[in-house]
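Visitor: Residues per chain are reported as follows:
2 protein chains.
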Amino acid sequence: MSKRTYNFSPGPAALPVEILEQIRDELLDWKDCGYSVMESSHRDSKFIETAEEAEQNLRDIMSIPSNYKVLFCAGGASFQFAAIPLNFSGKNKNADYFCTGIWSEKAAKEAQRYCNVNIVAKTDSAQFMGIARKEQWQLSKEAAYVFYTPNETVSGIRFPTVPETHGVPLVADMTSCILQEDFDVNQFGLIFAGVQKNIAPAGMTIVIVRDDFMDQAMSFCPSLLNYKIIDEYKSMPNTPPTFSWYVANLTFQWVKKHGGVKAMEALSYKKSAKLYEVIDSTDFYSNKIHFKYRSVINVPFHLHDSTLDPLFIQEAEKNGIRQIKGHKSEGGMRASLYNGVNEEAVNALAEFMKAFEKRHG
Amino acid sequence: MSKRTYNFSPGPAALPVEILEQIRDELLDWKDCGYSVMESSHRDSKFIETAEEAEQNLRDIMSIPSNYKVLFCAGGASFQFAAIPLNFSGKNKNADYFCTGIWSEKAAKEAQRYCNVNIVAKTDSAQFMGIARKEQWQLSKEAAYVFYTPNETVSGIRFPTVPETHGVPLVADMTSCILQEDFDVNQFGLIFAGVQKNIAPAGMTIVIVRDDFMDQAMSFCPSLLNYKIIDEYKSMPNTPPTFSWYVANLTFQWVKKHGGVKAMEALSYKKSAKLYEVIDSTDFYSNKIHFKYRSVINVPFHLHDSTLDPLFIQEAEKNGIRQIKGHKSEGGMRASLYNGVNEEAVNALAEFMKAFEKRHG
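Chains L and Z, in that order, give the protein sequences.
When we follow the working numbering, the leftmost residue of the first sequence carries the number 44, and every step to the right adds one.
When we follow the working numbering, the leftmost residue of the second sequence carries the number 44, and every step to the right adds one.
FYI, nobody ran anything at the bench for these hints, they're computed from the structure.
As the structure is a prediction and not an experimental result, all values here were calculated from the model.
Honestly, I wouldn't trust all of these hints.
Repeated chains share a single entry, so a pair holds when one copy, or any two copies, can fit it.
To be verified - Mimicking EDC-like on lysine to aspartate or glutamate, the simulated pairs with C-alpha atoms at most 16 Å apart in a straight line are:
#: 1; residue 1: Lys401; residue 2: Asp75
#: 2; residue 1: Lys368; residue 2: Asp87
#: 3; residue 1: Lys361; residue 2: Asp75
#: 4; residue 1: Lys74; residue 2: Glu360
#: 5; residue 1: Lys46; residue 2: Asp72
#: 6; residue 1: Lys46; residue 2: Glu69
#: 7; residue 1: Lys152; residue 2: Glu61
#: 8; residue 1: Lys271; residue 2: Asp254
#: 9; residue 1: Lys331; residue 2: Asp258
#: 10; residue 1: Lys313; residue 2: Glu386
#: 11; residue 1: Lys74; residue 2: Asp87
#: 12; residue 1: Lys371; residue 2: Asp87
#: 13; residue 1: Lys397; residue 2: Asp274
#: 14; residue 1: Lys89; residue 2: Glu360
#: 15; residue 1: Lys152; residue 2: Asp227
#: 16; residue 1: Lys46; residue 2: Asp75
#: 17; residue 1: Lys313; residue 2: Asp225
#: 18; residue 1: Lys184; residue 2: Glu207
#: 19; residue 1: Lys305; residue 2: Asp227
#: 20; residue 1: Lys368; residue 2: Asp348
#: 21; residue 1: Lys89; residue 2: Asp75
The whole structure should be built from the sequences, with the hints applied where relevant.
Guide: If you want it as structure tokens, here you go:
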């Protein structure tokens, strides 16, 4: 019997144990084929069935309207940082970007290769005021799209509401919040999400794009980043990452079974609140993000005395708490609370934090 | 106890059962972490260790000289069809392509977006003469590189030798023959291979590129297709397909343990010879490729009476023989004999073919 630990990895992130058990149990013999899903041709009817089921399950749990395409693309979400301007900025060559953290900044930087990037709002030292000062947002008059990142994983910042774009298609990088925060797909021109946080093993990105937003890609757009081509081949212009696709389907079923995205969202508030409560109740720990803009998924925090960091990590390890170290740009700690992280794990961390403070505070 | 069948999938292809068993056994608890490798951050020291081990093991089994970089890239090999001209055809904008089958033709078509493509030789109706007629090859005087596909999976054609390019860097798509045919890496400017045939689950591509061939990518090359950037970040400019990388390491260890690439090559000749022998000994089956250019990996064949095809597949299934149907462009049957397909499986297929002929010939 294998011993599981409490895993707060920022990604690739924890998966629900029931899903891992199913993967393990059918690893040598999937659907009575006598081989693994990893060993199946993507053209085989049994795999096609799984692929189509995955799309339908995702449509169900996210209530994706029929005028949106769902694409399963190879590679991580950073490929989309190029694909989006390559597909959509052809006509007027202007795009608006909210830069509220590391990920949206990277996206804006990559887009600058292909179009004029207008920064609508930028993170400043208070780390959230860019989102807060709506009256200072500088939306272009003729942007092809507006890009934003609802949840920034490194600094733990979220947009509390979907930004108003006055009819310009909104593009959202939901890598870290898909299936964990509840969005109305109708508000977006395009949603994309790398699968490695809340869905499946790293190496695939889901793209949900509105029919009428599908535009002509630039002439030098690689075929595998061209949404029209990917759609034409039903996400199989070449061999897709079949194993990730298969696990995605298991995850979609799991979300459905456990109350859907609304239940996941409610649980995310509850889990993160528990940690923020511990952090806010003392000067021993701190998180400087204003409560309105705090992520309900990634909870970064600092110990008041950073020389205690190594000891904190070491003692956490002894208590079965893993992958808690903060991003190198922020230092300190970070607990990522993706859907695969259950309440038991969060309770264990909260208790450990209190006990650590008692010993070393 | 799960029952394994004889799996001749064209890809994603069969993996050695020992590897699958190890994946299964550590699926919930990898390296005593208390979580799966799928749930590990790629920045974690335990994963970095695996990633570096994989590179070293590949260097060992392919004898990769130190003046070559080894990159683990996200996505399938078709991404490289764009990446190669985007990285290397910047200066003179000319590239030479051998078009000897579906895959090299796709590569040439994608390259035409970025440079002038000169077709050195083309497959004709005899399906191999393009390779055979060396005196008719039309190599450019100033090509940035020469591209070829040593093994074409659909029609089952191979280059019996590495083509002479008179100093122009040679680029090879080894997706279907890496670790199965023995090449001297020094003969190439760049080798690339999607992992889904002989290495790991689909969704990653290995690129082996000579230092001095590394050139300045075109300005509109997406960052994740830019070899200099990928190399700078040690193949982690973003979250890489960690699970495929982990399995790749297991495969490299397995190849090492089983005699290395030379042993795999010898076995490939033996396995394919067994099937060609059955095919050539009768008019009931046929394969029209000249013996000099026959693939030792993918063995396509036709039944003389194609109305028997569905029955052949049905009876094969009953005998535990799976994924034997030919590519839609060729019809008939195809047995793909990747390293994960052992001699027992090939013997079972050969015996079945003889018995089927006896019943229905």
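Visitor: What are the numbers of the hints the structure violates, in ascending order?
Guide: 1, 7, 9, 13, 15
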